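Order-wise, the sequence lines are chains A and B. If you're matching positions, the first sequence starts at 1 in the working numbering and goes up one per residue. If you're matching positions, the second sequence starts at 1001 in the working numbering and goes up one per residue.
Just so you know, not all the hints are guaranteed correct.
Selected chain B positions facing chain A (in silico; Cβ < 7 Å) [what the hints assert, rightly or not]:
id : residue
1  : Val1057
2  : Pro1085
3  : Asn1124
Dumping the calculated DSS-like pairs for lysine-lysine here, alpha-carbon to alpha-carbon at most 27 Å [stated by the list, open to error]:
id : chain 1 : residue 1 : chain 2 : residue 2
4  : B       : Lys1146   : A       : Lys51
5  : A       : Lys211    : A       : Lys226
6  : A       : Lys53     : B       : Lys1076
These are calculated hints, taken from the structure and not from any lab test. Here the structure is a predicted model, which is why all the values come from computation and not from measurement. We put the CB at the ideal spot given by N, CA and C, even for glycine.
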Amino acid sequence: MYEERFDKRKFDELRPMEAETGIIPNANGSARFKIGNTEAYAAVYGPQEVKPKHLEKVDRAIIMCRYDMMPFSVPDRAKPGFDRRDMEISEVITNSLNRAVILEEMPRSMIDVRVYVSQADAGTRCASLTAAAMACADAGLPMRDLVAAVAAGKIGDSICLDLTKEEEDFHEGGATDVPIGFLPSKNEIVLLQLDGKVSREDLKKIIEIGKIGAAKIYELQKAALKRRFSNESQS
Amino acid sequence: MVNVKNYDVVTPGELLSDDGRGGPGTYLEGTQNVFSKYFGMVQVSDRGVNVTPLTGVYKPHEGDDIIGKVIEVSSKYWVVDIDAPYYTRLDARDINFRAELDELNRYLDIGDLIYARVFRIYANKAADLSMRGTKYAKLPSNMIAKIDPMKLPRLIGKEGAMINLIKNETHCEIVIGQNGVIWVDGEEENKAIALSAIKLVEEEYHNPDLQEKVKELFEHVRRKV
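Let the hints inform the model, and build the full structure from the sequences given.
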């Protein structure tokens, strides 16, 4: 039974968050997103010429995403390099951004997205996607909406928002982890994965609770982007 | 109803109005709802809502004067990098003199800087350059500064006030490309001063009395010398 959360949060409460943009001077756009002990840095380069050339699409841009965990991000050292988990997460981030960025406006070009996780405490793919979406907006890409992603799930019998690593490894009754990505103002789901076992009704509840969390993250993203130009809007 | 006012900063996906009249930088969802497409600034006019992006790489427009770098020499054209999403082409016919085909590297070689004009943009966003005209030329290799093209208006100032100030104070020759590349020529120390002034403009571009700041910088330098 899971009656109270390990960190004394409410079941529908997010961990404390931080967001900031324009942190990497050499990138066209960059962002940092921190939720609890999970922190992701994203940098966007481009649009630029496609390399290698054979990947070029004549009618739209392509997004090349690379997700990487830094060696010191987890208690046991993460082996540097691109492993199968990184490959999967890069793919889901690319697919989500493909829905958010209007690729048809930049034919024959490539957008390079790099995401690095400097601290991991569950929900890294959601934090990475959130940071990557902010970096894309910061790079001046045409977008339909930002992407706000959050993990929700079921631990024991309770439905929880924004799981930590400790909760993901909860054994009595089992833990289910559902990372969800939203286009908040479109009410559209761009990422939905499920790790564990859950009934159909519970999944609906999990998505509902995720939507509420994503709305809060979306507000933070907007505020972080606008903060860069707050001087200008006052004058 | 319009939800925003002039000079508001908006992020992608923000609902701007529901009267179905959106200009550049917006997109329609359904028939009525106008959303922002860029992280940018709003301009409201009688014809609808526009959004100008505040960040991003240079997007070429026809008629822009730019500084580019030759990166490839073919038998009939040069390929030029102008810091835009795509490389551009300068045809051998679009220069002031008649070039000997197949020997184009006699005139412009890889790595040379040129001051040229974007004279045509195709439907697939490819651009062609032209160097016809008296003001376009090859630039001797020299100090180059790069600033965000969105910040260029501040560097130029009202009717060129800011850039003339820098030119007069440092006795440097400065050429500005609309793609954000700036070419500086002069004595070594003066070039360094001009570059630091340009950098100051880039960092403090939202400061309302920027000109005072730049003047202070020159004053500070003069006292040191």
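Hint by hint, here is what the structure shows:
Satisfaction of the interface hint for B:Val1057 is found here, the shortest Cβ-Cβ separation to chain A being roughly 6 Å, below the 7 Å cut-off. Evaluation of the B:Pro1085 hint against chain A yields a held restraint, the C-beta minimum of about 4 Å falling below 7 Å. Interface hint at B:Asn1124: satisfied, since its Cβ lies 6 Å from the closest Cβ of chain A, which is below the 7 Å cut-off. Proposed proximity of B:Lys1146 and A:Lys51 is supported: the alpha carbons are some 24 Å apart, at most 27 Å.
For the hint linking A:Lys211 to A:Lys226, the alpha-carbon distance of about 23 Å falls within 27 Å, and the restraint holds. A distance of roughly 22 Å separates the Cα atoms of A:Lys53 and B:Lys1076; the hinted pair therefore holds under the 27 Å criterion.
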